[in-house]
Amino acid sequence: MVPGKREGAVMRYSLELALRGLRRSPWSTSLAITTVALGLAACMTTLTLLHMLTADPLPGRSPHLYLAWVDTVQAKPSDYDSLNGVTPENYFRIRMDDAQALLRAHRAVQQVALAGLDASVGTADGDHVQPDQSLLGTTSEFAPLFGLALRHGRSWSAAEDEAHSPVAVIDVDLARKLFGTVDAVGRSIRLDKAVFRVIGVSARFAPQPHFYGLDRWAFSDTEAERVFVPYTAALDAGLKPGGWDRCDEAADKASRALFDVDVARCEWLAYWVRLDTPREVADYRHYLDHYAEQQPLDGRTRQKAQLFSVAGWLTRQNAVPDNVRLNVWLAASFLLLCMVNVAGLLTAKFLRRSAETGIRRALGASRGAVFAQHVLEATLVCVVGGVLALPLVLLGLWVLRMQEQGFTDMARLDPAMFGALFVLALVVGVLVGVLPAWRASRVEPGLQVKSA
Amino acid sequence: MSLRMLLSTLRRHSLMPILVALQVALACAILSNVLFMVQQQLAPMLAPSGIAGDELILIDQMTPRQHPWSAADVRRGEQALRQVPGVRDASAAFGLPMVSGALMDMALQGGNGAKVGVNGYLGAGLVKTLGLQLVAGRDFLPEEYRDFGMGGVGNAPWDAGAPQPVIITRALAEQLFDDGRALGKVLTDPGDADDHGYRVVGIVRHLLRNQLSLAIDGRSDNTVLLARRIGSTSLLSFAVRVDPPISEATRTRVAEAIKREFGPTMKADVIPRISSYAERRANAFKSHRAALWLFAVVTVTVVVVTVIGIMGLTGFWVQKRTRQIGIRRALGARRAHILRYFLIENALVAGSGAVLGMLLAVLGNRLLMRHYELAHLPWRYLPLGALLMLVLGQLAVLGPALRAAAVPPVAATRS
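Protein sequence lines correspond, in order, to chains S and V. Reading the first sequence from the start, the letters are residues 53 to 504 in the numbering used here. Reading the second sequence from the start, the letters are residues 253 to 667 in the numbering used here.
Treat the hints with caution; some may be incorrect.
Unchecked claim - Here are some chain V residues pointing at chain S (derived, C-beta under 8 Å): (1) LEU271; (2) LEU294; (3) PRO296; (4) ASP357; (5) GLN463; (6) SER527; (7) THR553; (8) GLU597; (9) LEU620; (10) LEU626.
If you are wondering where the hints come from, they were derived from the structure by calculation, not from laboratory data. In this text, all values refer to a predicted model and were calculated from it rather than measured experimentally. Just so it is clear, CB atoms sit at the ideal spot from N, CA and C, and this is done for glycine as well.
If we strip away everything but chain V, and leave its shape as in the complex, we get (with noise of 0.2 Å):
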């Protein structure tokens, strides 16, 4: 039983495996690039945030009625909420996890000359507030914040004239510098050559970034901490660290104390969001799950359909070959030869739809990449969905080589 028989079968009779071959293509091709949107969608679910995500209560949408708050407004609204019995801490903040509506968009350049861009959060005493963990150096000290406010008054300049204090990421340090130590070192601004850059003086575990589009490929605590404390500004934001696990009777505390702190001066039909990382987390998601959901679908109905395809295709096969078959049998051929005949076939006929639909696969994700925003399909994707064909093909072929296998040497005399 050699392969060169396999093969002049299989050029003979082209039809059937040429069907085969295309379908298990399509289906490769498909499966390939769900994948890849799949993990596309779940790496952001995935990954840590690196916060103490049980204990927060988060504010956002505050916008005054008429005038910017100042900062002494600022101040005041942390101590109030620091003083909310179950509040262990409060910071005023731009920029939060699963906050999206304040969003600082910055680039770094690092030791080994990688731009890299990174999502930027303010806030004094954001490191306790939310609960990093950090794995070298320090937190900020009171004396290095300087003040930050969108639309307000009298903010502290950007440029000190020196290098200002920065807190990143441990995934970031490694992205910056080969060796991974950014620790003391200096990261620039690759757009601003004037600037005097950021001093690593911390680095957290991690932290997770707001910008959750941008959330994969690695790129998820690609995010800073700045050593600006929330000063006069138009656009006010909060993250309270409670006891857990988060009650009814502290969320509602916290509640009142922004009324009664901000009430008065706030605009009235823009309603501040108050709710737990939880419910923001969930809510942050939820286009996440219902694409996951259509992925599932879709490749399920598909697995399905490749199967039935090869199934019914390759039965027939076999039942037009079962003479063929049992004068096989009848010259001496095995059960166990018969079976493996057949998934030998299978294996080469699905085999090059593989190929062909890794082709495909590229091909279709190239084309589309150039008229919509579609990622970059990675090669590794690509064998993926190959060896799922493949393995799908020889589950499918399973049940018509077993009926065949059973052909007995007799049916070799009858037609």
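Pulled out of the complex, with its shape left as it was, chain S reads as follows (with noise of 0.2 Å):
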């Protein structure tokens, strides 16, 4: 015989054998699938939204994208320590005269300091009026560095930066909702009371999480910039910065009200590079230490340059809630504890039927060959549980979607993680049928045949 088909036969015989045990105590038999199924849609449903939370924001570009970050406040450094857990945030701006500075100097490959800004957006004649939009003030290097996508038109020079030009790149989706036309160049739109020239209109933009503005918004549906303009031009047009960190001491003096920040004092502007080799990337650091160094002390304790890859930032700002991490280790245990609870109640399954294996371990089957046959009895019942953990998986994440915590939104299946649920459904099967599957291949052939 080739030895092919005989695997194939013994495979088919086995296959038959474990689902005759199945059918034979339907009970016991649904009552581990359906434990399996809580255990894996627990897991799944927590995974999958850990997955979403933790994907790469900008496939391909992410690794190469480094936040650049230099202290230059005039401030005497506060040692706050609360008692209350309260800390104040730091998103690692700059100040407008460093950005300037280091986008002069052009030490990396490519580099854009940008602000989120708010604004009412409408068309210039006034007309739909889109009241407090999310704008991105930037410089002309944002659409090659972050993969902003242009469907028509361009996006603006250098030139036009220095020379404070009020041009705009928008969405197509505020294209079409102001103009009823994707094509919007050369149109003007409104930005409060400002007129920016339309030169390009890009695909919707929308990393996830928001990495490059977690200030804004980490996670969000609904939530993206559809304006993208110099941020030159938007502070002659008197749009104001939507956050910063710390001000040099006589901002604070100066500041009219709480809400107003004095741009030329404050830290308002995220300075992002790319960097392409580790050895760019060393030069780089070198570069901004020295930067540093060279500005004037004014009396305080200097605090070092600092560069964060993009995977780094995210962790360093927790962008992923450590409740999304908590409750997938949860998941885990009860999964966990499901396995325990099946592996129990297949091995009394497997045992109520020793006088069977009995009879077949006399008739020459041999231990191997049980033990293959309940193992793969155990998988198939895992793989049906894991078929019934779609639906609980699918319901949980619907359940998710209905918290209002942001993040929440983002918990969807993908195909990666629809094909890791059978993964893990397999594994587990394997897993929780090794234990029964070993004490019925224990079980010696004369004893039974007796008994029975």
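Please assemble the complex out of the two chains, which come individually in their own frames, going by the hints.
Printed below as a string of structure tokens:
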């Protein structure tokens, strides 16, 4: 006989036996399947959310993206120590002077300064006004560096940055909403009171997490910047940055209102650079340190310059809430409980038919064959459990999306996690089956024949 | 029927009891952690607020269009609100219960040296407006108030050269002084040696802090009132006490008064929030309720899975020993003996599982604490989880044990 054929036959025979075994005690089989399904569903629901939240925000680009930070604020460092666990947020933004100096030096492959802004957006004639929109004030290299895909027109140039040109790139959704067409190049939009000329229309740009502006939002299905403008022109137009980190002491004294930023004296621009090789990263870090050292001291203790990779930055800012990871642990321990439970159920089930196993052993079935057949049966239970878990996972994700916590919008099953569910079910099946199958394969041939 | 015999049976057929014990251990570890998390979510919901919640409308998120509001603007606003029919009192405030937008973070040190983190509430006449119950001392005197505002101009300095008056809660008095007698004493700021500190002039029964995530472990009342009146500010909120029950008409009139007084100077795209304390409370605890539902589902599922698991395994084990039970019955063992045997056996197995579970719970908690923001699992939750598992184990084994006790002596003769 051809070896492959024989193996196929043995396999089919084992499968048949396993199926027959499952059908024999439908109650305990369905109990085991339900338990496995519950454990798998809990695990996969929490894992899916974690998977969505830890996805790469800009695949292909983020490995080369770094946030650069130099601290040149003229203020005493506050050794703020709260007994209430209140920590002042720090998004590692830099001052405009420093941003301009770093941009002029142009030491990285590409570099941009950016800041989130808020303004009402409408057509130049004052129609279709969308209040309170998120804008991004940035510099010319934003589109190539962050991969902002342009559908029509172009992005602006460094010269237009310098000239404070009132030009804008808007996304397709906004173009359609304002002008009823995707090709809005050449039209004008009004940001608060100032008129900007549309020079480009981009695809929707919404990386998750929103790593370059975590102060605005981290995860959102609905929020996105739809207008990109040179920050120099935005300042001229009277738009104010939505957030800032620290300010010179002089700025605090001069501030008129709580929510007004002194753009000359506060840290409000995030500075992102592209560095391709470890060598470039090391050189740039050195350059930043050197730049920081050159700044006047003014009686404050010097804080060093810093460079964060995208992954390091997301970890540093705790972008993924801790309880998402804690829930994965909770669900994993629940799955473990379910596995022990099913292992117990299966052991009882297998031992109930020791008599039959004994006969099979007496008729020449090897220990290995008995073991394999029982592992197969256990795996079948878990795979059916996995199929049953699928609707439960979808239900769990739906419940998650009902929560109004921003990041829960992301809870959706993608093909990768769909596949992971079945891999997990298989692995769980084999693991769960090993112990009961081993116990079943220990059944002695002779003894059982006697008592049967 | 000795314990030794019982143990030897367990040793000889060790797979089943090990599987039961393992299930109990895992369930115990999960449940004690979940119970602790339930308590963490529940504590702030159960904490007394100390205020007349049924009579309060809270207003916040008021931001000026351009220049900060002056102290006179704020006074005029308070007056306008007080003149609204149905309104008993109104205070501009910084920091209010269930309002997390304005947070004052303070540290205080008392007579016993303990450093306590507290939230401060500021505003003229808050004791009356919030309906707080003074249990000792007095309210602030009108001349004690000094101006305070965020992002405004011309605020009085914090340090007046002498301890400033403060009203604390009874729970704080007990945390800061061993004998709980805080009235007239001075509290210091542990972070600022030059500060003159605060003199306790009054003690209120309860006052819920507005940092709700910290309103746990007996810290829900870590709140103080400072003798500050809202002056020039860029961030304004009001507490308005009205006749109960809060009617829609009163609420509308309050909203109109705010619009009349502040509308022209208010930022257009930031809409002030005007809602009753009850609404704020319901909103603030939304995520807590969702978490509690999740924990309830987890608990029920874990309990059901474990009970079914124990029942299934014990049922099989009993069935396997039918003959043995028959022999013992034939040798004179009573039904009660058999029942007791299986109950004790289960208690032993579940007990050892529970001990392992307590270890697992602590180990898991410590391990997760190292990486995540997670509270320390207190020891008292461990026996709680273990006890729960023992009771569940006994309940689960009752059915199989009764079936075992029903085995007739004649079973010994069959196979």
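> If you take the shortest Cβ to Cβ gap from LEU626(V) to chain S, is it below 8 Å?
Replying inline: Result: holds, 7 Å to nearest chain S Cβ.
> Does LEU294(V) pass the interface hint, meaning its C-beta sits closer than 8 Å to a C-beta of chain S?
Replying inline: At about 16 Å, which exceeds the 8 Å cut-off, the nearest Cβ of chain S leaves the hint on LEU294(V) violated.
>> The hint names ASP357(V) as touching chain S; please verify it with the least Cβ-Cβ distance against 8 Å.
In response: holds, 4 Å
>> Given a cut of 8 Å on the nearest C-beta pair, is the interface hint for LEU620(V) held or broken against chain S?
In response: With Cβ-Cβ at 6 Å, under 8 Å, it holds.
> Can PRO296(V) be said to touch chain S, with a Cβ gap under 8 Å?
Replying inline: violated, 14 Å
> Quick one, is the LEU271(V) hint okay against chain S at 8 Å, beta carbons?
Replying inline: Where the cut-off is 8 Å and the nearest Cβ of chain S is about 4 Å from LEU271(V), the hint holds.
>> Hint THR553(V) vs chain S: min CB-CB distance below 8 Å?
In response: Holds, because the Cβ-Cβ distance from THR553(V) to chain S comes to roughly 6 Å (cut-off 8 Å).
> Does GLU597(V) pass the interface check with chain S, least Cβ-Cβ distance below 8 Å?
Replying inline: violated, 16 Å
> Would the hint on SER527(V) stand, with a C-beta cut-off of 8 Å toward chain S?
Replying inline: With a minimum Cβ separation of about 17 Å from chain S (threshold 8 Å), the hint on SER527(V) is violated.
> Does the CB of GLN463(V) sit less than 8 Å away from some CB of chain S?
Replying inline: holds, 6 Å
In summary, the structure is inconsistent with hints 2, 3, 6, 8 from the numbered list given earlier, while agreeing with the others.
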